[in-house]
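Student: Each chain, letter by letter, is given below.
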Amino acid sequence: MTNRFQEQDFSNTKFKFSSWLRLAKVYLPIKKTLLSALIINTITPLSEILFPLINSYAIDYFLIKNGDLDKIPLFIGVSFFVIIVTIIGYLLFFKHCAKLEMFFAYSLKQELFHKLQKMSFSYFDVTPVGWIISRVTSDVNRLAEIMSWALIDLFSGLGYLVFATTIMLIVNYKLALLVLIVVPFIYYISYWFQIRILKNYRGIRRLNSIITGRFNEGIQGAKTTKTLGIETLNLDEFKGDTLNMKHTSIKAGLFSNIYRPLINFVSSFAIALVIWQGGHQVFQGVISFGTLLLFLQYANQFFQPLRNFANIYAEAQNASANAERIFSLLDEEIAIVDTKEVIEKYGTILQPKTENYEDIKGDIEFKDIEFYYNQKEPILKDFNLKVQAGQTVALIGETGSGKSTIVNLLCRFYEPISGEILIDGVDYRKRSIGWLHSKIGYVLQAPHLFSGTIMENIRYGNLNAEDEDIYRACKLLKADEFIEKLDKGYQSDVGEGGNKLSTGQKQLISFARAIVANPSIYVLDEATSSIDSETEKIIQYTIEHVMKDKTTFIIAHRLSTIVNADVILVIQNGKIIEQGNHETLMNLKQHYYRLYTNQFNEQLQDELMKGVKHEAFE
Amino acid sequence: MFKLLYKHMHKYKYLMLLVILFTVLFTLASLLSGLVYNFVIDHVINNQPVHNPIIRFIASLFYGIEFIQQHFWITAILMISIYGCVYLLQFLKDSLQTIVSEHTTFHLRNALFEHLQLIPYATYNELKTGDIVQRCSSDVDTLKRFIGSTFSELIYALSIPFIAVAILFNINFKMAFVSLIAIPLLIVLVVIYSKNIAKSFLISDEADGELNTVVQESLTGIRVVKAFNREQYEMQKFEEKNMAYRKVTEKLIELIGIYWSSASLIAFLQIMFIVGFGIFQVRNQTLTLGQLFLFVTYSSSIVWPITNLGRLIGDAGKAYIAAKRINEIFAYPIEDIDVGEEYPIKGEIVFHQVSFHYGDSNQTILSNIDLTIPVGSSVAIIGPTGSGKSSLVHLLCRLNDVSEGAIYIDGHNINTFSKRYLRKHIGIVLQEPFLFSKSIYDNIALNNEHQDSSYVDSATKAASIYDVIQQFDQGFHTLVGEKGVTLSGGQKQRVAIARTIIHPYPILIFDDSLSAVDNMTEKNIRRALKETAKDSTKLIITQRINTCMDADFIVVLEGGNISAIGTHQELILKEGLYKRIYEIQSQMILGGEQDD
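Residue numbers (my numbering), protein chains in the order written: chain A, 7 to 624; chain B, 7 to 602.
There's no promise every hint is true.
If you anchor each label on the Cβ, the simulated ranges turn out as follows [said to hold, decoys possible]: (1) A:GLU330 x B:GLN140: 17 to 23 Å; (2) A:VAL135 x B:ASP137: 33 to 39 Å; (3) B:ASP376 x A:ASN587: 42 to 48 Å; (4) B:GLN140 x A:ARG208: 17 to 23 Å.
Straight-line C-alpha distance at most 20 Å; calculated EDC-like pairs for lysine to aspartate or glutamate [stated by the list, open to error]: (5) B:LYS536 x B:GLU589; (6) A:LYS38 x B:GLU341; (7) A:LYS491 x B:GLU256; (8) B:LYS9 x B:GLU72; (9) B:LYS580 x A:GLU540; (10) A:LYS382 x B:GLU256.
For the record, the hints were derived by calculation from the structure and aren't laboratory data.
For each residue, glycine too, the CB sits at the ideal point set by N, CA and C.
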């Protein structure tokens, strides 16, 4: 089985209106707020536009027409009023953007995380965690920005343009046309540059993540690097990436460095035209001086919303890929789901009805199971197995023989393609996933600890566990010895992913975590592979006592781990080829016998059997 | 901060002087454009007599004012050319900044990466990968932004008020005074901003960090989450952080909004005052219309850069903190791997009275180890978790250095060797090996001078991983890691073994590196090793008796001491750990056999 993650390529995604409409649905719960925000922000630019108008009028009235100076307080009053209204508009703008942006990001993240918690193992087996994290964090943040700031900017820019154009046309349509002539140029240049700037920017982000990955690898692989002595090789490769980054960034920078001055320069043509024509008309007395001032001020500000439009459009087009990726996650089919009837009775994983959960006795039956990850490579076929409550079942077999698959099926991380698995005589699909998982104690081969203390990590198995329960579990596993030697004992920090502890210690903690959960069924998947033989023997004792009445599945390479099992299954190519307890299988002198005796060097074996046997055991 | 940047700017620091020069010129030119308006309004449009000799001179370049009045398009040309200069300067300053900042970050990143690789082995356990990577990425970006824009914006924001004020005072003292009322108010505002908003930014960043950590941890540990049915718990944890981030950030944005709105309020009121006061001045003939317009434009040129100062100071503060965080990385001492001798290595190893403890800790890991390993022999090391097995072999590679005593290779104290040389002659396969995200082939041929695929083939065959690799879609060219194939623990270990045994190391160390491999495969690997590495001295840490049986002799470590040394036959006759382990691992088979 090859677990390959193939990301759909969204890099050429075009702007799709439907995608944005779907994103907008996030706002449904606060649709009234959204609507009022959009309306208010379309109107508020009006006051900003009136301000130059008032000033121009005042200058005309007081200075050109030599009006009555007693009217000054009136001018101040009106100005003041307009200013206050404008400022309130600004405040509302920020308030609305903050509210929308945060609501959008919050809701979409909730939705994604919710979905992720429901997703089954098969998804996480093939999807890199890093990929998922980028969806939940950076993609959402980016879209939230567009769906708030850009959206509101779009409306208020539209308001500004409409009102300003109207006023200019009313005041003097000839001068207004001179200003408007520049509009298409500005828009076109902006758009041309923005698309390229954003494309380059995307390239930079890709390089950035490569460099970040290199740093990550540089640190995580540092020990290996040292032992292999490949510092120079790594540095050379790294320098290749940073050099590439440098060239790409300078090139990308050039676009923005040209764009900003260029667009300003083009806008200055509007000013020049106004000065030329307007100034001339004032000189000839055709229009008033105030009108010229008014147009000069508008010509200065008029293009800002226009540049924003180009920017927003380019951003939105660029972010389409982010949106598609998020949708691909949200639309991902969940491989394992409960039926409607089951949900009705037992609730969902996130809203369980634990009061309806039945206890498990522990009878397990695999009935005519067929399973594959990939149709061409069948793993299990016609697999049958019956386990009685309280039995310990050991699975052995080579890598890829299907033993992990069997426990994955038992835990319902995967479901059989055909056949059924009965727990206490009932098909487990007739009860909920949550029910099963709350009854199974699964200890994984690669023990994952969360950052936090040892105490917190063990309590993860049972959030209601008393401190005493935790001490007891550790004592059973003799883990208390090493824990108490640590500076802060049970309150010691385990580090990121538990990396302050050795693999063996992590396995012990993860074992303790399962014990405090007090499950009805134990599954130990190579749970003691990194623990030394003596400690393991103690654990053996624990297994026998703690798990005496509980059905237990054990996968192990070390045969000493499994000799005491009630049933040993030798699995080969998805089939049980031998079944029985240790003695029966040894007497069979078949596969198990060979596997077992192989743990000893054949050359020494005869010698051993003859000589050592008696001395060692008498 | 400046020291750090200065160091990595190299020769580009001279370009930085040009950036400063262009920024000042840009500031001057943009203010000049205001004077052109003034000139056009007063002298061309309103036909007022020119007193200033400089203006008269400029006017004479265009055949005098009257000529301009007859050819009004000259005003347009005038405007466009002055704006042309302004924006050309802007382009030059921005481009130079980009070049300097990219160049500096290039060197900074390389220096960081190099430094991180040379930190001593023991120090890595103290590092938090996420934190370091963040410093190397986002903190470096913050510094890049500082050189790339913040720095010149600061110069602009600080220089424009002075120049503008100087010009305004020259024109009309009273009006200039009125135009400056806003400045103290704005400064008060900037101070308040810098204090409060910077704190809010920090709070919001932290909340964001916490949220991301929850996502990261929950997803990396998703198997545990699911196995323990903790989805609900994770969801609650997430929701809490998600909500906390939402709350603080919403507040932050509103705060920024209040700041900008207050600054705008001041700016608008300022203009209102200038217009109101200016009307009296113009009526009294102490000010011209053009000058009034100049006052209005200049006052916005002063107000906005000062308002911006709040953000700029914040950015500079962030850059300062970023530099400090980066300097903390550079402060980790590094090891010099090239200093020392390069004696030829055959492979005899002697531990003489070796003790080891970490730094200041008084917990002894190894004490008084005496051990001689002849050339070409194989030694198995066995002992409980935490008995010091790994530490022992790490000392040999000088991943850690002995606290007392000495280790000799072929009679030379290993401390006299260069570390690079020493490690190039000792092949060690770590317990949890790391594979790089390259193709499997590149992972194995990493350090292989010959790059010959036949070496890769035979190494992978010896490590019993050849067939597995061949089964992958792209065989040896399959990528390892997130973007490629996910290898199991045992497969990783075998690739790491292949990567090591591809070299003819005189000394080979296996640090429990076959723990995740099944017995059959393990035996095959041991067999292959006997042939391919028969002349090498081999140290094998293991938990398995059958591995021990294969070795020339066995060292039993307990609590940092050697409790027994001997061959398998010798040790199983002595009471002790080895015998007990042997019994645990073999009693059933013997019991089973006895019935026969």
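Student: All hints, please: hold or fail.
Tutor: Evaluation of the provided hints:
1. A:GLU330 x B:GLN140: 17 to 23 Å: 28 Å, violated
2. A:VAL135 x B:ASP137: 33 to 39 Å: At roughly 18 Å between Cβ atoms, ASP137 of chain B and VAL135 of chain A fall outside 33 to 39 Å, so the hint is violated.
3. B:ASP376 x A:ASN587: 42 to 48 Å: The hint (42 to 48 Å, Cβ to Cβ) holds, given that ASP376 of chain B and ASN587 of chain A are roughly 46 Å apart.
4. B:GLN140 x A:ARG208: 17 to 23 Å: Once the Cβ atoms are compared, 22 Å apart, the range 17 to 23 Å for ARG208 of chain A and GLN140 of chain B holds.
5. B:LYS536 x B:GLU589: 27 Å, violated
6. A:LYS38 x B:GLU341: 63 Å, violated
7. A:LYS491 x B:GLU256: 46 Å, violated
8. B:LYS9 x B:GLU72: 57 Å, violated
9. B:LYS580 x A:GLU540: 17 Å, holds
10. A:LYS382 x B:GLU256: 53 Å, violated
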